[in-house]
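Trainee: Model the placement of chain B on the given structure of chain A, informed by the hints.
Number of protein chains: 2
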Amino acid sequence: MSSTTSFVQPDHRLTLIPGPIEFSNPVLAAMSTPSQAHTSPEFIATFQSVLKNLRKLFKSTNPKTQAYVLSGSGTLGWDIAASNLLTAGDDVLVLSTGFFSDSFADCLRIYGAEVDVVTAKVGDVVPLDQVKAKLSEKSYKAITITHVDTSTSVVSDVEAISKLVKQVSPETLIIVDGVCSIGVEDLEFDQWGIDFVLTASQKAIGVPAGLSILYASERALDIALNKKETTYFASLKRWTPVMQSYESGKGAYFATPAIQTITALRASLDEILSEPLDARFAKHEQVSTEFKNAVNKLGLQILPVSRDVAAHGLSAVYFPEGIDGNELLKKLAQKGFTVAGGIHKQLVGKYFRVGHMGYSVYAGHIPAFTKALEESLKELK
Amino acid sequence: MSSTTSFVQPDHRLTLIPGPIEFSNPVLAAMSTPSQAHTSPEFIATFQSVLKNLRKLFKSTNPKTQAYVLSGSGTLGWDIAASNLLTAGDDVLVLSTGFFSDSFADCLRIYGAEVDVVTAKVGDVVPLDQVKAKLSEKSYKAITITHVDTSTSVVSDVEAISKLVKQVSPETLIIVDGVCSIGVEDLEFDQWGIDFVLTASQKAIGVPAGLSILYASERALDIALNKKETTYFASLKRWTPVMQSYESGKGAYFATPAIQTITALRASLDEILSEPLDARFAKHEQVSTEFKNAVNKLGLQILPVSRDVAAHGLSAVYFPEGIDGNELLKKLAQKGFTVAGGIHKQLVGKYFRVGHMGYSVYAGHIPAFTKALEESLKELK
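First to last, the sequence lines map onto chains A and B. Sequential numbering of the first sequence, starting at 4, is according to this note's numbering. Sequential numbering of the second sequence, starting at 4, is according to this note's numbering.
I should point out that these hints are in silico values taken from the structure, not numbers from a laboratory. Careful: at least some of the hints might be erroneous.
As the list claims (entries may be wrong) - Covered stretches of chain B (chain A as the covering partner; in silico rule of three or more C-beta atoms under 8 Å from a C-beta of chain A): (1) 78-85; (2) 107-115; (3) 118-128; (4) 204-214; (5) 222-234; (6) 303-315.
To be verified - Here's a subset of chain A near chain B, in silico, CB distances under 8 Å, partners left out: (7) Met34; (8) Gly75; (9) Ala258; (10) Thr259; (11) Pro260; (12) Gly339; (13) Thr341.
Values in this document were obtained by computation on a predicted structure and should not be read as measured data. Backbone N, C-alpha and C fix where the C-beta goes; we use that ideal spot for every residue, glycine too.
Same shape as in the complex, but just chain A (with noise of 0.2 Å):
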């Protein structure tokens, strides 16, 4: 990567949304690596570097797990999981915690399952009790979580539900959707029984958007690559070899996969390993706390109910009473940061979201951005 050396990035506005984060200087460099083809040495020791790492990301040492990277995005993830895992006719139970758990219910329902969804109540979890209840009425082919839904900034307890499927429906494939949560909560795959997580690069992972990025359990492709094919470019049956043969260093083809955005995922995953996982979440949670109260401190409230059920990787806020919310993020904008408008269609223009995830965790922007926030409201004011 000798194209690196000398990259720096221009001044910009800070990308303090929930995903697109702001990028390292070495995983932009990487972005810009000369042209290889997709069977070259370099190309393939990118690959097979980058599907080991997956192997740690996601804490799993069963080598009859698979990781994959797909040119797409965390959305196509949804289409993945659906085509691969379940057939028409199939229940799946869907827990929501916002717009991005409801949006994978209808991706299902596309492909013909039948969705029984339990929808929390704005701003906290879904009960375990009532998840418990519904597993036991009916014998759900698979569960999905959202670990973190990014319109709420609910976090799930992963852990805790998946023990509770394994106690009153082993049987039931669990399927999280970890595009907001993979690389700032911890998630321990094999440990946990998980079956299949989709998520992708532009969040806690820390690479451009571009890249669909799966795990897949053994159980998960015993099923899908038995399976009669309903998609052809999402099909695991058809990249299930290509990823076994990059990961043991020998080229093959399905489709063109992304050189230089899986090259910027390699130089990412470097760095997030360079340090134990449970230290990045720790810092992760430390810079979040921190955050949210100088936030409460400001006289602002967070969306979730309460700071158990709130995620690590972004905020939430509701905006103050008596400011107009647009005034403020205009305010924000001028001062060097972009941040996101709220999305739950309940709460549209209420609140608004900080993503502090990776690099800017790391490089100071988020006490930066508070005290940006501060000054803004006291403009406001």
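Mentor: Just chain B now, kept in the frame of chain A:
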């Protein structure tokens, strides 16, 4: 794009495979654009420029056509065509000029299409009278044409085939796989009455892999927008309002776009459209002819049965008698050039493929490669 000014590519082996191709410095520099929100004014301006310029690339002036840019690859374009334009049971006529035409047929079958494949002689196109006979026999919902099949380097006459379809079976949708043609072979979307073209970023469009680029006619859109969805991420119903919104200068969301790669696409389209398209096509034809002449002069033969059916963006060349193909590819790599082996199943190991598209055509890489080829052949004799 203030990050681009000092960008210089380090020395590297030139990638002269038929995609991914070599990328220009402005394109690679745009890949490392610092983070922008997908709804930031900067990215909206970028995406708007891309969508407007794609109309020019497809020589379309009808405002009711629509361009799409999704995270994905050329292969995803097959799924998009199949799932948005066809219904299970539809009859489709596939004109096969190689591996990629056949793979497209595989994809269509997965979505339930009844596929008739007319296969050309290896290295040739499907004769027009055979196309006419098939179209007269059955009422096809769609015909697929692989404009350039990258496995054989054969270019089909999309204009003549389209004219025939309009005469014999005007209700048949004309679907073109333009992965290895758009940006190097002429395609007049409106004029020829094409309904759908799928292509990708990493060939003559000159941008790193990771984008599925599509262009739909009013008639195709009418079908796609009124059809029951069978996929979610690939659904043009979901993407059409998003593309219309960005093209009109407003942000929208369905799935996070690949901001950096789309910014690179903007840079590449700016370069491509800085000269008249027909001048670009003529330049490619000239370099292609010079290369094929040189190859013949060295005693080597191209795979297509005649120059009339040989594409201008790549050359498929038989290894000469008495020379080990792998040794030749190794020699070329030592001299700084990566070319591709052959992948047509009847001819694997018997030929190699050289891409001459985009940046390499303008940067003088092809004469340099020709020299290396000549030297390598001498050394191996």
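Trainee: Work down the list of hints and note, for each, if the structure agrees.
Mentor: The hints, checked one at a time:
Counting residues of the stretch 78-85 of chain B whose CB lies closer than 8 Å to any CB of chain A gives 5, so the stated coverage by that chain holds, three being the minimum. Only when three residues or more bring their CB closer than 8 Å to a CB of chain A does the claim for the stretch 107-115 of chain B stand; here the count is 4, and the claim holds. Counting residues of the stretch 118-128 of chain B whose CB lies closer than 8 Å to any CB of chain A gives 0, which falls below the minimum of 3, so the coverage claim is violated. Only residues whose C-beta sits within less than 8 Å of a C-beta in chain A count toward coverage, and the stretch 204-214 of chain B has 5 of them, enough to reach three; the restraint holds.
Closer than 8 Å: that is the beta-carbon criterion, and the stretch 222-234 of chain B has 3 residues meeting it against chain A, so the requirement of 3 holds. Counting residues of the stretch 303-315 of chain B whose CB lies closer than 8 Å to any CB of chain A gives 0, so the stated coverage by that chain is violated, three being the minimum. The criterion of a C-beta within 8 Å of any C-beta in chain B is met by methionine 34/A, whose closest approach is roughly 4 Å, and the hint holds. For glycine 75/A, the shortest C-beta to C-beta distance to chain B is roughly 5 Å, which falls under 8 Å, so the interface hint holds.
Hint status for alanine 258/A relative to chain B: holds, with the closest Cβ pair at about 4 Å, below 8 Å. Given the 8 Å rule on beta carbons, the hint for threonine 259/A holds: about 4 Å separates it from the nearest Cβ of chain B. Interface hint at proline 260/A: satisfied, since its Cβ lies 6 Å from the closest Cβ of chain B, which is below the 8 Å cut-off. With a least beta-carbon distance of about 12 Å to chain B, the hint placing glycine 339/A at the interface is violated under the 8 Å criterion.
Look at threonine 341/A: its Cβ gets to within about 5 Å of chain B, closer than 8 Å, so that hint holds up.
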